[in-house]
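Residue numbers (UniProt numbering): 1 to 571.
Derived from the structure by calculation, the hints contain no laboratory data. On a predicted model such as this, the values are computed, not experimentally measured, just so you know. Every residue, glycine too, gets a C-beta built ideally from N, C-alpha and C. Do not rely on the hints blindly, as some may be mistaken.
Stated by the list, open to error - Straight-line Cα separation of at most 25 Å, DSS-like style, residue types lysine-lysine; simulated pairs: (1) K278 - K42; (2) K136 - K153; (3) K42 - K136; (4) K369 - K353; (5) K180 - K42; (6) K217 - K353; (7) K529 - K369; (8) K164 - K278; (9) K294 - K332; (10) K278 - K563; (11) K563 - K294.
Said to hold, decoys possible - Restraint-style ranges between C-beta atoms, simulated for each label pair: (12) G503 - V129: 21 to 31 Å; (13) D279 - G44: 28 to 38 Å; (14) S114 - L34: 56 to 66 Å; (15) R337 - R388: 49 to 59 Å; (16) P275 - E506: 37 to 47 Å; (17) P442 - K369: 40 to 50 Å; (18) L34 - G469: 16 to 26 Å.
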Amino acid sequence: MSGKGEILVGEYLFQRLLELGVKSILGVPGDFNLALLDLIEKIGDDSFRWVGNTNELNGAYAADGYARVKGISAIVTTFGVGELSAINGLAGAYAEHVPVVHIVGMPSTKSQASGALLHHTLGNGDFTVFMEMSEKVSAYTVMLTDGETAADKIDKALSISYRKARPVYIGIPSDVGYFKTSSAGLKKPLQLEEPANDPKIEEEVVHTIVQMINASKKPVILADACVTRHRVIKELHELINLTHFPTYVTPMGKSSVDEVSEWFDGVYVGSISDPAVKDRIESSDLILSVGGLKSDFNTGSFSYHISQKNTIEFHSDHTKIRYALYPGISMKYLLRRVISSLDAKAMRAKAAKAIGFHVKPVHAEGFPKDSITHQWFWPKFSEFLIPRDVVVTETGTANFGVLDVRFPHNVTAISQVLWGSIGYSVGAAFGAALGVYDSAEPDRRTILVVGDGSLQLTLTEISTFIRQGLKPIIFILNNNGYTIERLIHGLHAVYNEINTKWGYQELLKFFGADQSRTYKVQTPSDVEKLFKDKQFASADVIQLVEVVMPTFDAPRILVEQAKLTAKINKQ
1 MSGKGEILVG EYLFQRLLEL GVKSILGVPG DFNLALLDLI EKIGDDSFRW VGNTNELNGA
61 YAADGYARVK GISAIVTTFG VGELSAINGL AGAYAEHVPV VHIVGMPSTK SQASGALLHH
121 TLGNGDFTVF MEMSEKVSAY TVMLTDGETA ADKIDKALSI SYRKARPVYI GIPSDVGYFK
181 TSSAGLKKPL QLEEPANDPK IEEEVVHTIV QMINASKKPV ILADACVTRH RVIKELHELI
241 NLTHFPTYVT PMGKSSVDEV SEWFDGVYVG SISDPAVKDR IESSDLILSV GGLKSDFNTG
301 SFSYHISQKN TIEFHSDHTK IRYALYPGIS MKYLLRRVIS SLDAKAMRAK AAKAIGFHVK
361 PVHAEGFPKD SITHQWFWPK FSEFLIPRDV VVTETGTANF GVLDVRFPHN VTAISQVLWG
421 SIGYSVGAAF GAALGVYDSA EPDRRTILVV GDGSLQLTLT EISTFIRQGL KPIIFILNNN
481 GYTIERLIHG LHAVYNEINT KWGYQELLKF FGADQSRTYK VQTPSDVEKL FKDKQFASAD
541 VIQLVEVVMP TFDAPRILVE QAKLTAKINK Q
């Protein structure tokens, strides 16, 4: 405290972040944020700390992964050069509904007022231009300029980020972090609950939904990304357990549903779904769509053959029943009301028996029998996973391959299907592992599956795993280049090639790991032997597995998706 009833602005911000469960502040130091970073040690909580990244882009990816495990995260960058390096990762968090607090150390208020020609500027005296760039990928942007209003603005930014599940931007000039502000706000919790739905409109919506469910004969549930992002997993499972309706997920919805449940029935990706799944959903007379994000890779290039007149859409900020839109009616409260209004016995009487989601390891045709193909690897990967694993998959083959994996209880899946920035998974896995470390379940395994091409963009963050003493299992899919790009266009093109002479077996040693293990698997028997290795499964040290796969092999769904994408790109 700086005085009775007062606190430094920077301390207030960090106290609020700790209140939200953020124990590690990510980012990269720069001269405009250094004094602010000094205040982290003043919080007085031994578990609250600064964790630096190797660059701001990796830091933004890490903040994304941390937030998906812990609920919200924070990254500190410096003005101009630092914040622009992070903006790609923050745009991904915005697109995919991930709450990240972006804190930018800015030139002092006096320097800004004088229009000084400072480094990291465009040389035109405009100190708001970079904040304006972030406005399009932030739910809220603010520059703190005085102590009197700082606390309220900080509270507003944090509440918006949490409730809307989107990044926010807080600019803090180098002197403002040390201005005094009222500490009174710390005596009351942040306003994190969503505002209640309009009771009259909600009553009408509930009545209509219950009528439609009662009248339906073949209802199904389809869970998507925003189930997880907007924290309605509990309500969704109450609905599933009450009704026993066959339940499906989209690619972005993986791990939003307990896949061990007898009512879980597979993954729906439009026209490229398993035929039995496609037929069941598209012949349904009522689809309860929860948290939908209908992007191209999430829908098989928009190939859903679902009638809107048979669909009820539950979203975080609106509800859609057939063709009627109800703005402001959020799914969390609405689902609770619907659940309490349904008769379990009547629901279960109409519920169809689940088809059952079981993908068997089968060797793909056209490749040597002793090679590791995706069609064999991913169902086998299911057998290696255990409850509570955190599984991070990269844009490309891994994102599509994991769709053939049936998760045990309480697995957290992290991927970036909508934004699709290659290299994302390495930083995100670090953030996820850090989030696990900062949580009440630090023994959870973090497993990263990344392709060789994507790895080359963000490789340096492996060193941060090591520096922080984290123990992920890193699978590198070595298939000689950008397979997803090859399938979309340029199968043999030089631009889809990479340097294939990297020594993956030496990476952990190169980055300074004192205790580590590395493996190279080239045949199915190698994989089976590794998966049965109890020491490997224990994840007691950081481990790296190089998985050698045929160059042109890919998961079935990716092959079909690539054809659809290539067709659309030519239109």
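Query raised in the report: Can you name, in rising order, the numbers of the hints this structure does not satisfy?
Result: Checked against the structure, the hints that fail are numbers 1, 3, 4, 8, 12, 13, 14 and 15, while the rest are satisfied.
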